[in-house]
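Put chains B and C on the given structure of chain A with help from the hints.
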Amino acid sequence: MTEPLIFELSADGRRGYTLPKLDVPEIDPADHIPSKMLRREIPLPSLCEVDVVRHFTRLSRLNHAVDVGFYPLGSCTMKYNPKINEDMARLPGFATIHPYQPEETIQGALALLHNLEHALAEICGMDAFTLQPAAGAHGELTGLLIIKAYHRKKKNAKAKTKILIPDAGHGTNPASAAMLGFEVVNIRTSPRGGIDLDDLRAKATPDVAGLMLTNPNTLGLFDENLTEIAKIVHGVDGLLYYDGANLNAIMGWSRPGDMGFDIVHVNLHKTFSTPHGGGGPGSGPVGVKAHLAGFLPSPRISFDGKKFKVTDKHADSIGPVRTFLGSFGVLVRAYTYIITLGAEGLKDASSYAVLNANYMMRRLQKTYKLAYDRTCKHEFVLSGKPFAEKGVKTLDIAKRLLDYGYHAPTVYFPLIVEEAIMIEPTETESKQTMDEFITVMEQIAAEAMTDPEKVKGAPYNTPVTRLDEALAARKPDINFFKRRP
Amino acid sequence: MNPPNLKYTKEHEWARIEGKKAVIGITEYAAHQLGDVVFVDMPLVGTKLEKGKTFGVVESVKTVSDIFAPLSGKVTKKNDELDAEPANVNTDPYGKGWILEIELSNPAEADEMIDAAAYEKHCETCGH
Amino acid sequence: MSSYLPHTQAEVKAMLEAIGVKSIDDLFAEIPAELRLNRPLDLPDGLSESEVVDEMNDLAQLNYGANELLCFLGAGIYDHYIPSAINHLLLRGDFFTAYTPYQAEISQGTLQAIYEYQSLICGLTGMDVSNASMYEAGTALVEALNMAKAQTGRTRVVIPETVHPEYRRVAKTINTQMGIEIVTVPFEDGVTDMAKLAEVVNDSTAAVVAGYPNFFGSVEDLEALANVAHNVGALLVVTADPVSLGLLTAPGDLGADIVCGEGQSLGIPMSFGGPSLGFMACKEALLRKVPGRITGATVDKTGRRGFVLTLQAREQHIRREKAGSNICSNQALMALNATIYMSLLGRDGIRDVANQSFQKAHHLKKELAARVPAVSFPFAAPFMNEFVIKVPNAKKLLLKMAKQGVLGGVALERWFPTLKDHLLVAVTEKRTAEDIDYYCELLGGLTS
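Residue numbers (my numbering), protein chains in the order written: chain A, 1 to 485; chain B, 1001 to 1128; chain C, 2001 to 2448.
Don't read these hints as lab results, they were simulated from the structure. Be a bit skeptical, because a hint or two may be false.
As the list claims (entries may be wrong) - Simulated pairs of lysine to any residue, SDA-like, Cα-Cα distance not exceeding 20 Å:
| # | chain 1 | residue 1 | chain 2 | residue 2 |
| --- | --- | --- | --- | --- |
| 1 | A | Lys83 | C | Ser2050 |
| 2 | C | Lys2366 | A | His32 |
| 3 | A | Lys83 | C | Ser2048 |
| 4 | A | Lys347 | C | Lys2322 |
| 5 | A | Lys154 | A | Lys289 |
| 6 | A | Lys482 | C | Lys2289 |
| 7 | A | Lys153 | C | Met2178 |
| 8 | A | Lys369 | C | Gly2020 |
| 9 | A | Lys475 | C | Asp2300 |
| 10 | A | Lys309 | C | Leu2035 |
| 11 | A | Lys456 | B | Asp1036 |
| 12 | C | Lys2301 | A | Lys21 |
| 13 | C | Lys2322 | B | Phe1068 |
| 14 | C | Lys2301 | A | Arg484 |
| 15 | C | Lys2301 | A | Ala315 |
| 16 | A | Lys203 | A | Asn156 |
| 17 | C | Lys2283 | A | Phe480 |
| 18 | B | Lys1062 | A | Val411 |
| 19 | C | Lys2301 | A | Asn461 |
| 20 | A | Lys148 | C | Ile2182 |
| 21 | A | Lys347 | C | Glu2011 |
| 22 | A | Lys231 | C | Ser2050 |
| 23 | A | Lys347 | C | Phe2028 |
| 24 | A | Lys454 | A | Gln443 |
| 25 | A | Lys347 | C | Leu2016 |
| 26 | C | Lys2289 | B | Gly1056 |
| 27 | A | Lys347 | C | Leu2043 |
| 28 | A | Lys83 | C | Asn2087 |
| 29 | B | Lys1062 | B | Asn1090 |
| 30 | A | Lys21 | C | Lys2172 |
| 31 | A | Lys306 | C | Asp2058 |
| 32 | A | Lys475 | B | Lys1096 |
| 33 | C | Lys2289 | C | Asp2435 |
| 34 | C | Lys2172 | A | Ala315 |
| 35 | A | Lys475 | B | Met1042 |
| 36 | C | Lys2395 | A | Glu104 |
| 37 | C | Lys2322 | B | Pro1043 |
| 38 | A | Lys313 | C | Thr2418 |
| 39 | C | Lys2289 | B | Val1057 |
| 40 | C | Lys2289 | B | Met1042 |
Chain A with its partners taken away, still in its complex shape (with noise of 0.2 Å):
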């Protein structure tokens, strides 16, 4: 099942939108612009309404999504993304107002910004947050910056070169560390799959700019050494950031900041159910504690407990890290979910979702190899290594599972699992939807030890068949006008 692209269904003449009659009188745009800089040719396509409208509808059923099944992609939290979200973003008060109205014809905006940096401040322990951070790994360099500016005001910037974080760390942390010209020290984890203490005091030198960690990390677990983490990284003036891509384990049972964080980033689209919309818009607002609240993007917004407003001048923040206030839709979709679910649906929301992951984890160990056998968090990481000798890798074991209706769980990562699957349900999934899903996987595992060949050349049951990826990266054809012969 193949869609032609929307260039192959253009017919010159065609139009899928009109616009009103021009009413002003008509001026010749050579007599006002150079003519070098007018436009002859533009290659877009030309097609009416209903083939635009059918071309992307059935471009959206070649995609497997939340709302068609069970996502148990760990480290994404795949939960159901609520409807009525969708409608409050849409809501003209909220998706017609422009970035540079006057503050007085948007106070409900500046109201709801300001409710929901208190929410997510009282939800991770922290005292302010900004909301502009478009993504988890923005977040990520907003509170980088903020280290760095932390450490400059202290006049001790240039000693400060280097970030810890964990070889178990997602991709994105060591990235912007990075990019911002910080040398990244990876801390090796220990057997009970926390960090390694030792390592960590090894490597707390007095050149340590701070230390970033997921907790629970990305094994699923939470870390019970965290306030001597926090000390040994105080100890030498590092600070902690808080990459809080797992926040949704422990909404309501336990806050970054009352674990000794002093910076958090937290993922709208995944703990608080924003969709991910095919790899985004995300958000990554950032919460800091009071000693760093001056260091913060501007602008910020303020209430005087009559009017609220947006305030620009603050002499210690590390300035704007984007345009406007952050993603606005996506925060008014997060607030709506907060307001929905209250201070106990939160932590309900956390303790099933743990409750879900362990289920599966007990399950599905008897046929996996479990990577840490402990009570998990949110999510859990198996290994397709079992399989091996009958030349069976965990790739397969992820194709095979498209066949029946699923997404895959997350695979190879963390890279300290050797064949990783790693599987976070979320607490919006049902047992019987869980249950399902333990059998298929259990199929797949006898499938892989009587018939490998199965396995090693699925799926069979998807629009397309497995893609020659190296064809791809080799010679790349990633643009219809400039596409390969």
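Same frame as chain A, now just chains B and C:
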């Protein structure tokens, strides 16, 4: 098989030394471990390489690997054909898959490289 | 329990038994007591859906947007008409509830749409390569400057004051912490001062940046700017408005090496400035330096065309600290939004939207000149659909205009102290002759 007339490093590079010049590349074992090579990032002609330091990167579909200079010297030629046919690194690592030609600045370094037999023994110890 | 949780009491009991614990609390037992929150979160109780709607409506009604007021604001975010079909397609759960298309076989819809997006952006900008999107214009410029640094091995960039001041501020926040030095150049008659530019561009310059149209709405002579940059081996980075490219020559045909910018004008709601769409396109020579995801066409085992994320070895999840950028999540759904918009408009539609915006902006300027004596025009440079006016007590005037139903312009003083009482006024195809007439009448009345 690894040609006996070449010298090798434990980081899986090879060199064919001819007088003051050497042609260098990555071994069949390295290419196999990487999988389908899709791009080789090479330094410009004239760049000075220092033995043991990285000078380029080999990319496969889902991984990247640094390439370390087996010998010190100045780049005199680079294999531009790899831009169009990076697969040559997989299919013909010791022939069309060569990466650079360098003019040696310290030919005595060649003595620190190992021969084919020693290299094969080394590969057995890194096998997974 | 919220309606998003499917668990029955019996199921919870069965699951706890299968795990071998007595209660959910047991699953959190390893969190040390001092790290636990031993009180409920200090947040209001949850609400039913109808209560949520009421509360959100109350907030939304405190805003007065382009649904109620006539919007003459621009500066990167424009009030173009958004065809109805877009929202219907975007609301398909198969699109918006999907993740990044890592499992290509069940993500062909997203992947093909990205390929089409990349192609359309390349076509519009005259570039060879586009990525799958960036967050927004400011961070797109940050990445473009980082690319220029990597490509040229130089660390100085020149950003004239004619480039959006917010983009310049974002570059200052981020690029300067990446070891890039930013040099500014003043404007002259609404465009970049070429003489001053020539003074600061030299063989340590990695890039020269130009707005197209620039922040003041003026159409810069890109070819001249490209020559200045290329003469010293620097790149020309252009921040462009994609809808304006329906009327203006593609920057790629005038010498641009990288074109990036704000894609909101491509059918995306203004939504208080986000989520919008950062776009990023470049010439072939920069392919390996492009940040973020890229989709490529390939074939499956049976020879059918299919699409995959490609050239992934550039990215953070593989290259970690050696990656050129940290971007992971992008703005895929907004890129899809723009793709549907460009498909609906097509080559004739986008020209019409650009042309009507151009026509109506010029009509407004002409009418103001003829009818409102208090208004003057500081710049004579050619412009697209946005221009600068000078009017007494501009900031107070904006509030008065808003009270009478018009969002009259963006005050420039906050970025340019020398431009006190100057407003940036934008006109799109949505404004009618009647709207323009009302604007003139209102401004005339308030300034007489």
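Agreement of Lys83 of chain A and Asn2087 of chain C with the hint, judged by alpha carbon distance not exceeding 20 Å
holds (14 Å)
Taking only the CA atoms, is the gap from Lys2289 of chain C to Val1057 of chain B under or equal to 20 Å?
Distance ~14 Å between Lys2289 of chain C and Val1057 of chain B Cα, so the pair holds.
Tell me if the straight-line CA distance from Lys347 of chain A to Lys2322 of chain C falls inside 20 Å.
violated (38 Å)
Sort out whether Ala315 of chain A lies within 20 Å of Lys2301 of chain C, counting only the CA atoms.
violated (59 Å)
20 Å Cα cutoff - pair Lys306 of chain A, Asp2058 of chain C
Given pair Lys306 of chain A, Asp2058 of chain C holds - Cα atoms ~16 Å apart, limit 20 Å.
Measure nothing beyond the straight line between the CA atoms of Lys2301 of chain C and Arg484 of chain A; if it is 20 Å or shorter, mark the hint as holding.
Roughly 18 Å between the alpha carbons, so the hint for Lys2301 of chain C and Arg484 of chain A holds.
Restraint check for Lys2301 of chain C with Lys21 of chain A, where alpha carbons must lie at most 20 Å apart:
Distance of about 51 Å is beyond 20 Å: violated.
Given the hinted pair Lys2395 of chain C and Glu104 of chain A, is their Cα-Cα distance within 20 Å?
holds (13 Å)
Taking only the CA atoms, is the gap from Lys21 of chain A to Lys2172 of chain C under or equal to 20 Å?
violated (44 Å)
Need the status of pair Lys83 of chain A, Ser2048 of chain C: alpha-carbon distance at most 20 Å?
holds (14 Å)
Has the given pair, Lys475 of chain A with Lys1096 of chain B, been kept, meaning a C-alpha gap of at most 20 Å?
holds (18 Å)
Holds or violated: Lys313 of chain A with Thr2418 of chain C, Cα cutoff 20 Å?
holds (19 Å)
In the structure shown, a violation is registered for the earlier hints numbered 4, 10, 12, 15, 22, 30 and 33, in ascending order.
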